[in-house]
Amino acid sequence: MTTSTAETRKLYQQVANSIADAIRDGVHRPGQRLPSERDLAEDYKVSRPTVREAMIALEIRGLVEARHGSGVYVTETPRPEAPAPDLDIGAFELTEARRLIEGEVAALAAATISDEELAELASIMDEMVVENDNNVKGERADRRFHVTIARASRNSALVTVVENLWDLRYKSPLCRAMLERARQVGVRPRIDDHQEILMALRERDPASARNAMREHLGRVIDNLLTATEIDALERARNEVAARRTELARRSAI
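Numbering (UniProt numbering), first residue to last: 1 to 253.
I should point out that these hints are in silico values taken from the structure, not numbers from a laboratory. Idealized CB from N, CA, C, for every residue including glycine. It is possible that part of the hints are untrue.
Unchecked claim - Simulated restraints, written as ranges between beta carbons of each label pair:
1) Ala252 <-> Arg38: 19 to 27 Å
2) Ser156 <-> Arg24: 46 to 54 Å
3) Glu116 <-> Glu180: 30 to 38 Å
4) Glu116 <-> Asp205: 53 to 61 Å
5) Arg24 <-> Arg202: 52 to 60 Å
6) Asp167 <-> Gln32: 33 to 41 Å
7) Glu215 <-> Pro35: 51 to 59 Å
8) Ser156 <-> Gln184: 16 to 24 Å
9) Asn155 <-> Val27: 45 to 53 Å
10) Ala207 <-> Asp133: 56 to 64 Å
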């Protein structure tokens, strides 16, 4: 699948719209299982996370349904006159952006954070434990933890960027759907990851703080990959490793 500079639709939208057209044209019929995630990724020349986002977008549109352990099946044919909604940013894309930006934010904060802010982060972590134990939606303590680190950087532009990235989690229907699926299978903010970040900040070590933040958000991506798995045939260990190759290369940037 190729794109031009004039193409404004995101990759997941292109894939989702192409599959919707195929459903409309009868290539994929009601009740029929769609090709595997791996085959779709190869056919459209996109990453598997992009296929995941496209499948969830089609689920939101009511065109397909994921049957756990079986695959994705067509539920109905689309109405040609119904425009496809812009579901905005997916959780993979958003978390990758957070990983790149918040890693540097944490490094900067390590050199400027105050004892009071460190104590505030420790208190927020206690709230995070309570939210996890009570299955509180929204990850508000998690958001406060990351925004507090951004504020400790003493850079108001970075604070705005981090806040906006977090707000996109709630504003994007696609991102919300993906994160809710992760929550349904038990994915919660990792307390141990946040403890590692806090320890690096306490040591005023920018390199360790950067690494702790990047590793944390890398694991968030990893958990999303697991939580949005829709094809039982691709749960084998070698396939999981292959699926993550592209994200691993991008994480090395």
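Next on the checklist: Could you work out which of the previously given hints the structure breaks and list their numbers from low to high?
Outcome noted: Violated hints: 4, 7, 8, 10; rest satisfied.
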